[in-house]
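Q: Protein chains in written order, with my numbering: chain A, 587 to 944; chain B, 587 to 944; chain C, 587 to 944.
No lab work stands behind these hints, which were simulated from the structure alone.
A portion of the hints provided could be inaccurate.
Which copy is meant is left open, because identical chains are indistinguishable; a pair holds if it fits in one copy or across any two.
[Unchecked claim] Straight-line Cα separation of at most 30 Å, DSSO-like style, residue types lysine-lysine; simulated pairs:
#1 K652 with K941
#2 K894 with K699
#3 K627 with K599
#4 K643 with K589
#5 K894 with K599
#6 K588 with K627
#7 K830 with K881
#8 K588 with K643
#9 K881 with K802
#10 K627 with K652
As the structure is a prediction and not an experimental result, all values here were calculated from the model.
Next come the chains, spelled out residue by residue.
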Amino acid sequence: MKKLSGISWRDFKALPLLEKGDYFQGTPPHTLIAQQFTREKLQELCALATRIKRINKRRDGANFLKTLLCDKRAMLYFAQPSSRTYLSHNAACQILGLDTMDVRDSKTSSEVKGESPEDTIRTFSSYADMIIMRHPVGGFAERVAWMLAHTNREIPVLNAGSGADQHPTQALLDIYTLERSFEKIGGVDGKNIVFVGDLMRGRTVRSLAWMLSLYKDVKLYFVAPEPLQIGQDILDLLDAAGTKYVVTQDFASTMPIADAIYMTRIQDEWDAEGESSTIDTSAFSIGAEHMDIIKDTTAIMHPLPRRKEISTDIDNDPRAVYWRQMRNGMWIRAALILTTFGRQDEVNQYYDNYKPGA
Amino acid sequence: MKKLSGISWRDFKALPLLEKGDYFQGTPPHTLIAQQFTREKLQELCALATRIKRINKRRDGANFLKTLLCDKRAMLYFAQPSSRTYLSHNAACQILGLDTMDVRDSKTSSEVKGESPEDTIRTFSSYADMIIMRHPVGGFAERVAWMLAHTNREIPVLNAGSGADQHPTQALLDIYTLERSFEKIGGVDGKNIVFVGDLMRGRTVRSLAWMLSLYKDVKLYFVAPEPLQIGQDILDLLDAAGTKYVVTQDFASTMPIADAIYMTRIQDEWDAEGESSTIDTSAFSIGAEHMDIIKDTTAIMHPLPRRKEISTDIDNDPRAVYWRQMRNGMWIRAALILTTFGRQDEVNQYYDNYKPGA
Amino acid sequence: MKKLSGISWRDFKALPLLEKGDYFQGTPPHTLIAQQFTREKLQELCALATRIKRINKRRDGANFLKTLLCDKRAMLYFAQPSSRTYLSHNAACQILGLDTMDVRDSKTSSEVKGESPEDTIRTFSSYADMIIMRHPVGGFAERVAWMLAHTNREIPVLNAGSGADQHPTQALLDIYTLERSFEKIGGVDGKNIVFVGDLMRGRTVRSLAWMLSLYKDVKLYFVAPEPLQIGQDILDLLDAAGTKYVVTQDFASTMPIADAIYMTRIQDEWDAEGESSTIDTSAFSIGAEHMDIIKDTTAIMHPLPRRKEISTDIDNDPRAVYWRQMRNGMWIRAALILTTFGRQDEVNQYYDNYKPGA
Numbered sequence: 587m588k589k590l591s592g593i594s595w596r597d598f599k600a601l602p603l604l605e606k607g608d609y610f611q612g613t614p615p616h617t618l619i620a621q622q623f624t625r626e627k628l629q630e631l632c633a634l635a636t637r638i639k640r641i642n643k644r645r646d647g648a649n650f651l652k653t654l655l656c657d658k659r660a661m662l663y664f665a666q667p668s669s670r671t672y673l674s675h676n677a678a679c680q681i682l683g684l685d686t687m688d689v690r691d692s693k694t695s696s697e698v699k700g701e702s703p704e705d706t707i708r709t710f711s712s713y714a715d716m717i718i719m720r721h722p723v724g725g726f727a728e729r730v731a732w733m734l735a736h737t738n739r740e741i742p743v744l745n746a747g748s749g750a751d752q753h754p755t756q757a758l759l760d761i762y763t764l765e766r767s768f769e770k771i772g773g774v775d776g777k778n779i780v781f782v783g784d785l786m787r788g789r790t791v792r793s794l795a796w797m798l799s800l801y802k803d804v805k806l807y808f809v810a811p812e813p814l815q816i817g818q819d820i821l822d823l824l825d826a827a828g829t830k831y832v833v834t835q836d837f838a839s840t841m842p843i844a845d846a847i848y849m850t851r852i853q854d855e856w857d858a859e860g861e862s863s864t865i866d867t868s869a870f871s872i873g874a875e876h877m878d879i880i881k882d883t884t885a886i887m888h889p890l891p892r893r894k895e896i897s898t899d900i901d902n903d904p905r906a907v908y909w910r911q912m913r914n915g916m917w918i919r920a921a922l923i924l925t926t927f928g929r930q931d932e933v934n935q936y937y938d939n940y941k942p943g944a
Numbered sequence: 587m588k589k590l591s592g593i594s595w596r597d598f599k600a601l602p603l604l605e606k607g608d609y610f611q612g613t614p615p616h617t618l619i620a621q622q623f624t625r626e627k628l629q630e631l632c633a634l635a636t637r638i639k640r641i642n643k644r645r646d647g648a649n650f651l652k653t654l655l656c657d658k659r660a661m662l663y664f665a666q667p668s669s670r671t672y673l674s675h676n677a678a679c680q681i682l683g684l685d686t687m688d689v690r691d692s693k694t695s696s697e698v699k700g701e702s703p704e705d706t707i708r709t710f711s712s713y714a715d716m717i718i719m720r721h722p723v724g725g726f727a728e729r730v731a732w733m734l735a736h737t738n739r740e741i742p743v744l745n746a747g748s749g750a751d752q753h754p755t756q757a758l759l760d761i762y763t764l765e766r767s768f769e770k771i772g773g774v775d776g777k778n779i780v781f782v783g784d785l786m787r788g789r790t791v792r793s794l795a796w797m798l799s800l801y802k803d804v805k806l807y808f809v810a811p812e813p814l815q816i817g818q819d820i821l822d823l824l825d826a827a828g829t830k831y832v833v834t835q836d837f838a839s840t841m842p843i844a845d846a847i848y849m850t851r852i853q854d855e856w857d858a859e860g861e862s863s864t865i866d867t868s869a870f871s872i873g874a875e876h877m878d879i880i881k882d883t884t885a886i887m888h889p890l891p892r893r894k895e896i897s898t899d900i901d902n903d904p905r906a907v908y909w910r911q912m913r914n915g916m917w918i919r920a921a922l923i924l925t926t927f928g929r930q931d932e933v934n935q936y937y938d939n940y941k942p943g944a
Numbered sequence: 587m588k589k590l591s592g593i594s595w596r597d598f599k600a601l602p603l604l605e606k607g608d609y610f611q612g613t614p615p616h617t618l619i620a621q622q623f624t625r626e627k628l629q630e631l632c633a634l635a636t637r638i639k640r641i642n643k644r645r646d647g648a649n650f651l652k653t654l655l656c657d658k659r660a661m662l663y664f665a666q667p668s669s670r671t672y673l674s675h676n677a678a679c680q681i682l683g684l685d686t687m688d689v690r691d692s693k694t695s696s697e698v699k700g701e702s703p704e705d706t707i708r709t710f711s712s713y714a715d716m717i718i719m720r721h722p723v724g725g726f727a728e729r730v731a732w733m734l735a736h737t738n739r740e741i742p743v744l745n746a747g748s749g750a751d752q753h754p755t756q757a758l759l760d761i762y763t764l765e766r767s768f769e770k771i772g773g774v775d776g777k778n779i780v781f782v783g784d785l786m787r788g789r790t791v792r793s794l795a796w797m798l799s800l801y802k803d804v805k806l807y808f809v810a811p812e813p814l815q816i817g818q819d820i821l822d823l824l825d826a827a828g829t830k831y832v833v834t835q836d837f838a839s840t841m842p843i844a845d846a847i848y849m850t851r852i853q854d855e856w857d858a859e860g861e862s863s864t865i866d867t868s869a870f871s872i873g874a875e876h877m878d879i880i881k882d883t884t885a886i887m888h889p890l891p892r893r894k895e896i897s898t899d900i901d902n903d904p905r906a907v908y909w910r911q912m913r914n915g916m917w918i919r920a921a922l923i924l925t926t927f928g929r930q931d932e933v934n935q936y937y938d939n940y941k942p943g944a
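Just chain A, same shape as in the assembly (with noise of 0.2 Å):
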């Protein structure tokens, strides 16, 4: 196994991202990248995520989910605000009784004071047993798994956000949705799924897309307006995997052949100088006047928040999974916050005993 602490920064930063990925599965393991999963990874993760959810339902479930991890402390620093993002994990913790932590200003009492940004974090590591971080500088967190693992504490790292690039749990999370979505018609394999939007600045886009060529057969087909297109980075990995992909502007032809339509917003807080507003993104929007058009087994999804690309006319179709997506994010991260502790074994054999109901 390649180990974090026996590497340098310098050579370990210069890594392609698929071979970083070795050097976060030690003891503790970090989550750093979506590419450090594998298919393996993945489906072992929504397996614990199904359980623990259904574990969850019942009073007495909810209260052995508790007891796991109740000797321990997590600290949650989120550098970046993103209410979603924290309450999630905030309450992944709070099933498994992991105690939590938090500072959530960018500016803290200790940076005012001079402090060094790697002082600072590996401040707040000492009063935790695992750091849950987002942080708007790409690669930071990185920085802070090799840190403390050139200490005498390296706890593990979770990266909720870091920069324009990475978030790996939203990955996950879309992943388990698409499971879950296809759990009774055979599976992610062999299916076709359009991406829709904002394609170019959509960290979420570009991590699922990655994670989806771990599957068989997968199609994916990116809808966008041209100046918001995939990037060529994207495709060069799809290529390398062997993955098949269109990408086009006519949203309508993908309707109805797509197995999920993943919606995602025009991030214009990206924005240089407003260009977004010169965009005509009307075609990229669904509503009621599509439904028929697409299939019935078809999942939409949306990483949320959404404006106008999805109708609210249509929240309640049975196709309209975003808010289950949304609440599959609480399941996946407990899932993975638990396995980071090497303590899912506890909740296999609860359910195998207890078999609570679906």
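Chain A is already provided as a structure; the job is to place chains B and C on it using the hints.
A: For chains B and C alone, coordinates are given in the frame of chain A:
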């Protein structure tokens, strides 16, 4: 039973207050307006609050209480700042072992990203089993309950203050304080309750006055400078209920007959242009010089925070119950939250078996 | 025993520090100033902290600890920002199962509404069984303890930093770090402790110097540029206690004989007009080049955050104990909080029965 899921928002919104209440008694129940309570329900809650309070005094009792809702999670969504209401609800949750998450910023990251208020609150509700919310917009809590009733995941909504109108749990704690204060002198029926101060703008007084109309032979005295006197709408409600009242500027005349004196603060934060500062309010305050005039059993109350309308000189007088009143808020809220989840019988059984001292 | 409820604020305020301490040993006890501790009490707390730390290593031990105060609630009132002190106390509470509520804004809604600071803190105390507080005004924590002692609901006050003077739990964690560092080399008695840096303005150094005067044959070295040298008031205290000390600017001469080197940061946030920037502090720092000169058993300490006075090059040297020192704060605070509620014997019994490994 009338179902919130079976009525349009337009029709619901147009209902008179007393009819709205019928829609909040479903499964799950919502707590949204003072007018939804019956006298029977008030007294059940008061009895339960006292049992919780007594059980909590012993360590084993406190441990028992913490098992009651430890499989649940509450979202405390405070879009308006409020230390004491927030803390009181938070403490009530902790007493019952209910995990809490909070959003206390008025401006969340999602609002910045163009999300609708309905989507934001539905997001927050995704991770919780109950929402406790304070919001500056009148009626927004009702809107949220109605909206959730039209999803497949309706969770109870507890209104911790919305707009200028409703703050039902404040009225509950006031009733509870009166019930306890008059426990050994025949209860609330037949008592003279004197309200003093800014009666026009305090939603507290408006709600409590209505609740008192549920009791027999209560007489209310509204003592205020003329521009801050109680609104005609409340007097109409009292007339309809057959509750007697007196409207006066003469505080002194009411002191000797008062069973409770409910002081309030001039709420100048609602002033359009500082008009409060032109009103002479000196006669609408209480201090050591009045303590000989009022009865030995009179309860002096205040929703707090206070300014000068109550002198700190009387803080240690046994008739000054405003600090106890604040703590009562914690117990009555615990009773309300427990009842919301339908688990009050577990407290009653425990109490009957163990009989903790008073 | 001297009772806080039996003395006027004016008389209490005028007492010398060493006499004030007698008023904090009641039921409940308060932790307000470094000078209230005896050597015996310090060593009891250190022994308890180590037992808690060891018990916490095992999962069943951690679960046991969480039952100790799970019927209590602490209010963390931090009117001054402080990540590390806040987090450390928070973690200590979590270890003991003590629920926490926090108010971290300096300006609460009640202050806006014209409430007095005393009323605000009495409000916060209403919902809690203990207050842990940091406040910019010197002596305010004492005022709060005195005020609560004059109500019918006195709860313990733990001073987590008030004004420029007192931060007693920081001194406790420093003593605990020294006790642990010297555990196998005869304890703190007879050791040479070298303080370096901004000794004039660091309340940490002032409190620790006083606590060290409780030990036998300790010798203190104060190494600082002249304008930042230790205050005469501390030297007077040491003289009165018969504790030997040296005041010098020559760091190098003290290195070979130092048993502990306590580095500090230039606290330029207290500068009136940037005067610190004119002082040459380069000689008052430590790095790899000094590690051959100092003894193998020397403990290098720092209250953190640091700037350049300690090079990160020595972070992994076993003599660099400042990170451990930070974590020690969590254990000694847990010991202190547990003792405040008088439940330390439960830990001692558990420890004696189960003998968790060191």
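Q: Tell me, which hint numbers fail for this structure?
A: none
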